[in-house]
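Enquirer: The primary structure of each chain is shown beneath.
2 protein chains.
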Amino acid sequence: MRYSQLLIPTLREDPAEAEVASQRLMMRAGMIRKLAAGIYSTLPLGQRVIQKTKQIVREEMNRAGGQEVFLPFVQPAELWVESGRWEVYGKEMLRLKDRNDRQFCLGPTHEEVITDLVRNTVNSYRQLPINLYQIHIKFRDEIRPRFGIMRAREFIMKDAYSFDIDEKGAEESYRKMYEAYSRIFERLGLKFRAVEADTGPIGGNFSHEFMVLADTGEDIIVTCTGCEYAANTEKAEIARPAAVAPEPAAFKEILRVETPNMRTIEEVAGFLKVEPKDLIKTLVFSSSDGPVVALVRGDHDINEVKLRNYLKCDTLELAEEDVIEKITSAPRGFAGPLGMKNVRMIADFGLQAGVNMVTGGNERDVHVINVNFERDFTVQEFADIRSAAAGDICPRCGSPLATTRGIEVGHIFKLGTKYSKAMNCCYLDQQGRSQPMIMGCYGIGVGRTVAAAIEQSHDDNGIIFPKPIAPFLVIVVPVNCKDTVQMDIALKLYNGLLERGIEVLLDDRDERPGIKFKDADLIGIPLRVTVGKNAVEKQQIDIKERKGGDAQQVAIDEAVAAIEGRLNQPGV
Amino acid sequence: MRYSQLLIPTLREDPAEAEVASQRLMMRAGMIRKLAAGIYSTLPLGQRVIQKTKQIVREEMNRAGGQEVFLPFVQPAELWVESGRWEVYGKEMLRLKDRNDRQFCLGPTHEEVITDLVRNTVNSYRQLPINLYQIHIKFRDEIRPRFGIMRAREFIMKDAYSFDIDEKGAEESYRKMYEAYSRIFERLGLKFRAVEADTGPIGGNFSHEFMVLADTGEDIIVTCTGCEYAANTEKAEIARPAAVAPEPAAFKEILRVETPNMRTIEEVAGFLKVEPKDLIKTLVFSSSDGPVVALVRGDHDINEVKLRNYLKCDTLELAEEDVIEKITSAPRGFAGPLGMKNVRMIADFGLQAGVNMVTGGNERDVHVINVNFERDFTVQEFADIRSAAAGDICPRCGSPLATTRGIEVGHIFKLGTKYSKAMNCCYLDQQGRSQPMIMGCYGIGVGRTVAAAIEQSHDDNGIIFPKPIAPFLVIVVPVNCKDTVQMDIALKLYNGLLERGIEVLLDDRDERPGIKFKDADLIGIPLRVTVGKNAVEKQQIDIKERKGGDAQQVAIDEAVAAIEGRLNQPGV
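As they're listed, the protein sequences go chains V and W.
Using the working numbering, you'd call the opening residue of the first sequence number 4 and step up by one each time.
Using the working numbering, you'd call the opening residue of the second sequence number 4 and step up by one each time.
Honestly, the hints are just simulated from the structure, not real lab data.
Mixed in with the good hints, there may be bad ones.
It does not matter which identical chain is used: a pair holds within one copy or between any two.
Unchecked claim - Quick list of in silico lysine to aspartate or glutamate cross-link-like pairs, EDC-like style, CA-CA up to 16 Å: (1) K94 <-> D104; (2) K57 <-> E71; (3) K37 <-> E81; (4) K421 <-> E231; (5) K470 <-> E182; (6) K315 <-> D513; (7) K100 <-> E145; (8) K255 <-> E366; (9) K550 <-> D302; (10) K421 <-> E85; (11) K179 <-> D325; (12) K55 <-> E261; (13) K495 <-> E261; (14) K485 <-> E324; (15) K421 <-> D169; (16) K521 <-> D511; (17) K255 <-> D463; (18) K37 <-> D511; (19) K495 <-> E320.
The structure displayed is predicted, hence computed values, not measured ones.
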């Protein structure tokens with residue numbers, strides 16, 4: 004296509020509202036424009052990228068046996084009442100009434116609709132398994148939409164739902180989706196990891212997040228340096244350390260010390276001239292089963308998801324001031340395990356080897372030093388309740404764990420019978436008995452994937468698109484469009500590439516070369532072909548990769564073949 | 004694909020709610036299911052047809068220079084307030100508030116959003132013309148959604164918008180879309196007509212509807228038997244008849260006669276033993292400019308759109324009883340032109356040649372016979388205010404007009420500056436002056452087109468899909484799946500067709516042949532290949548076209564080539 008005929012409204016300046024690189028660059032490259040908070044229009048260049056991404060997703064879903072459907076976006080409340088989510092789902096679900104005053108919502112997800120469809124159309128074990136998917140918009144009325152299309156309110160999602168007759172079938176369906184997702188992100192040209200994810204209150208260990216690796220990612224991924232283990236921080240386990248018997252010979256004399264206004268780990272450690280790892284952090288929680296005290300080492304982070312899963316409680320949150328005072332008889336910042344009674348206490352495994360530790364004194368401005376297990380207090384329950392960090396030990400192979408940052412672009416989840424039981428989505432088995440179907444659900448944020456690709460691959464000059472989703476593979480830039488010889492050479496090259504089926508953009512704008520080069524870099528086309536003076540004088544054009552490296556001079560006659568060769572090289 | 008692995012929930016019985024053939028057949032063929040009034044899920048078979056339709060639309064839009072975009076479905080009220088449509092648009096626009104109590108609507112159309120996008124990204128004549136399109140859902144909260152996806156509330160539409168610097172450019176953009184639409188419906192394999200349509204209050208003669216011809220269509224299309232003229236009934240003109248001078252010699256004596264309780268044309272004509280064409284129908288309207296009386300021949304239909312366009316009034320509707328009584332001094336059913344004063348009166352050209360006519364007597368239960376122009380009353384204004392009917396004369400060539408039924412699937416419209424002026428969507432011309440852009444808008448109902456294709460092409464047994472949008476081109480039916488020889492032959496054929504890139508469905512279900520044949524007919528696959536006893540005993544398979552004709556016996560070895568040959572024949 005010709006640049007002059009495409010709407011690519013690039014911006015010279017960074018938009019003030021842009022908080023992350025992908026948002027800034029998609030706006031600057033003229034790919035998206037904001038219409039309202041969290042609601043974006045996709046412009047032609049962005050749409051080309053989105054369409055390519057959708058096509059790869061579609062092909063791999065079909066290859067994995069998925070059947071494409073298209074489900075309503077405006078959904079009747081009745082189904083959500085039936086599943087029990089109408090009341091439970093928060094304000095992210097936008098509710099509305101039609102002209103007849105009937106309640107509807109804008110689909111934030113489609114479990115209810117698909118379960119209704121399947122219960123009405125499938126009734127025999129012979130029709131199962133099936134996997135139905137769609138690529139469509141969703142609406143989630145986020146309280147704080149941000150980061151452009153990374154966390155928009157209206158966004159494009161591929162969502163798939165599998166229905167099986169038994170657990171084994173459901174696991175097979177899950178495995179197929181795991182493989183399909185791996186192929187999808189592979190084909191999109193992204194560096195990614197599939198990580199184990201927390202399954203929340205449903206339980207089971209069948210949930211993986213697909214994370215695009217990027218330094219700017221919001222999520223922290225824990226990976227093993229020795230094996231394939233990878234998990235998100237909520238989920239990542241830490242190998243249980245060997246039990247250490249306390250050595251009373253090393254115990255020093257326990258002492259209460261004044262620590263005026265010293266509340267945080269850093270303040271106390273600095274004041275007492277010890278390391279944060281020598282402190283016991285004491286956290287009071289309110290859970291649906293009553294107050295709970297959790298102990299972790301001063302340099303470790305409590306992991307509330309792990310703690311909640313360990314406790315198997317419905318809700319868990321840090322306690323309010325009044326609960327803390329009731330339990331510790333002191334304001335926040337001075338809690339400690341000594342002398343605590345009538346409250347359940349769980350300590351992290353990381354504390355087991357601690358000797359002569361520091362804790363709060365359960366009294367304003369007082370801490371206790373040289374605290375030791377057994378001698379000074381006992382803990383009934385040790386568990387893995389802290390977040391894994393770099394250097395922790397892999398639960399599978401014992402190698403050190405590392406951390407890296409990523410962006411969640413896909414999530415696969417074994418749902419079990421949550422929806423099929425609530426909505427009576429059953430099949431008749433071989434014996435004619437009615438059984439609930441076993442479900443799975445599988446999502447990919449399509450726009451989010453494009454944004455993540457940009458987070459992963461950009462530089463100061465703009466986007467560096469992976470080939471599979473680049474809006475064009477080649478941009479041909481005549482340095483001076485008024486020079487008819489240059490323009491003729493550029494046009495010939497452009498037509499030659501088109502004939503070979505190569506997606507090429509001809510920058511036929513009458514603009515200064517600096518602007519053209521800047522725009523070509525900004526919109527991230529993998530190969531730039533420059534037709535300038537050398538083309539006229541030496542019959543040579545320049546080929547340059549967007550990702551870097553020197554320009555290559557090629558004879559005009561060999562240019563099409565050379566470009567095609569460069570595009571076929573891996574890594575271009 | 005294998006039938007057993009596809010969700011095709013065919014129905015034996017007609018769904019009670021189905022009002023038209025396409026709705027009935029799409030539900031029976033397992034293509035769609037209703038979720039709520041006017042809200043449908045598209046199932047795998049339907050989705051294949053929709054995707055093929057979308058792809059043809061997309062290719063032709065791109066070929067015509069359209070650039071694909073993707074615009075928000077949830078739209079902020081501010082833009083509609085700015086265009087002036089927030090208050091004017093009726094209840095079809097579903098309004099809602101987000102969690103922050105901000106007003107939004109579900110996009111019933113996208114003029115406001117696209118105009119906002121273009122005013123913010125285009126500012127120079129050098130960036131024009133452009134044509135932006137999307138394929139996306141719309142929501143119109145119809146008071147009476149019906150006919151399945153033919154008139155749904157949530158539906159898929161291709162909408163395009165063009166922006167030009169002047170009228171000439173806008174006409175060229177319009178022409179391109181006219182041609183693109185013609186190619187689209189041609190490629191979809193549909194019999195259609197582009198007809199002139201009324202432009203409503205905006206005026207101008209740039210509006211065409213694309214009508215798929217079908218006996219079951221809601222719309223009546225007027226076409227000339229002698230030339231290319233075609234228009235919808237609202238718009239279709241009738242050649243003005245030659246003026247006829249009244250011949251007083253033939254005038255009979257005017258008489259008032261009693262017509263007790265005779266109000267309708269049929270009642271009065273029957274009672275007086277005359278033809279309906281001998282009556283003058285007198286209709287009283289209330290318009291934004293006051294009451295108006297319209298006269299048409301008893302056997303003709305008033306055309307309110309033509310009348311409104313002639314009067315150039317903003318609103319026009321049949322008058323209420325009190326207005327009629329005030330003007331005619333009689334109840335509804337006895338109005339006549341005699342003695343009427345102080346009201347504007349327009350007579351249709353079709354009355355000009357009338358002699359000794361019958362009219363209401365402006366008195367209960369009284370009509371007047373032998374009424375003649377000039378002698379008994381005069382009319383200042385004659386105009387073309389009736390609907391064209393078969394046999395009327397073409398305004399272009401003088402041949403008789405014919406009527407046919409159709410379904411509107413596309414509409415192209417020259418908008419002019421309505422939105423660009425209201426929303427200040429301007430460009431700088433070569434002299435640096437700010438000018439409003441000239442817009443056009445162009446829609447295709449994607450689901451509606453599929454439904455119309457089915458209305459046009461089906462029989463008692465089911466759908467007869469045109470090849471370009473058939474979900475599969477061939478269905479291979481082994482008569483008895485338990486016969487391993489039959490099944491082997493069927494599989495070989497299936498694989499042979501797949502290798503040639505032919506979309507084929509293998510009915511591998513263990514069902515009775517009658518059910519398989521019925522389903523194959525119902526879902527409308529163009530070619531059915533039967534593998535039965537003959538395949539085992541004579542090495543022959545049967546090829547049969549869905550649209551009819553005898554089965555053809557073909558040797559197994561030649562089957563793939565024979566099928567490919569049949570598919571390449573025009574008209575299959």
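Enquirer: Run every hint past the structure and note whether it holds.
Expert: Here is how each hint holds up against the structure:
1. Taking CA atoms no more than 16 Å apart as the test, K94 paired with D104 passes between copies only; the shortest distance there is 12 Å, against 20 Å inside one copy.
2. Proximity of K57 and E71 under a CA criterion of 16 Å is satisfied in both settings, with 12 Å inside one chain copy and 14 Å between copies.
3. Taking CA atoms no more than 16 Å apart as the test, K37 paired with E81 passes between copies only; the shortest distance there is 14 Å, against 33 Å inside one copy.
4. Taking identical chains as interchangeable, the C-alpha atoms of K421 and E231 are never at most 16 Å apart, the minima being 31 Å within one chain and 62 Å between chains.
5. Proximity of K470 to E182 under the C-alpha cut-off of 16 Å is found in neither arrangement, the shortest distances being 22 Å within a copy and 34 Å between copies.
6. Taking the shortest Cα distances, K315 and D513 never come within 16 Å of each other, neither inside one copy (67 Å) nor across copies (48 Å).
7. In the homo-oligomer, the alpha carbons of K100 and E145 lie at most 16 Å apart only across protomers (14 Å), although the nearest pairing inside one protomer, at 20 Å, exceeds that limit.
8. Within a single copy, K255 and E366 get their C-alpha atoms no closer than 22 Å, and across copies no closer than 119 Å, so neither meets the 16 Å cut-off.
9. Taking the shortest alpha-carbon separations for K550 and D302, neither the intra-copy value of 40 Å nor the inter-copy value of 77 Å comes in at or below 16 Å.
10. Within a single copy, K421 and E85 get their C-alpha atoms as close as 12 Å, which meets the 16 Å cut-off; across copies the closest is 47 Å, which misses it.
11. In this assembly of identical chains, the alpha carbons of K179 and D325 never lie at most 16 Å apart, being 51 Å within a copy and 73 Å across copies at closest.
12. For the identical chains of this complex, K55 and E261 are neighbours neither inside a copy (65 Å) nor across copies (77 Å), given an alpha-carbon limit of 16 Å.
13. Proximity of K495 and E261 under a CA criterion of 16 Å is satisfied in neither setting, with 83 Å inside one chain copy and 88 Å between copies.
14. Neither within a single protomer nor between protomers do K485 and E324 lie at most 16 Å apart by alpha-carbon distance, with minima of 74 Å and 74 Å respectively.
15. In this assembly of identical chains, the alpha carbons of K421 and D169 lie at most 16 Å apart only when taken from the same copy (14 Å versus 60 Å across copies).
16. In the homo-oligomer, the alpha carbons of K521 and D511 lie at most 16 Å apart inside one protomer (15 Å), although the nearest pairing across protomers, at 58 Å, exceeds that limit.
17. Within a single copy, K255 and D463 get their C-alpha atoms no closer than 56 Å, and across copies no closer than 95 Å, so neither meets the 16 Å cut-off.
18. Proximity of K37 to D511 under the C-alpha cut-off of 16 Å is found in neither arrangement, the shortest distances being 28 Å within a copy and 50 Å between copies.
19. For the identical chains of this complex, K495 and E320 are neighbours neither inside a copy (67 Å) nor across copies (63 Å), given an alpha-carbon limit of 16 Å.
Going through the hint list in order, the structure does not satisfy hints 4, 5, 6, 8, 9, 11, 12, 13, 14, 17, 18 and 19.
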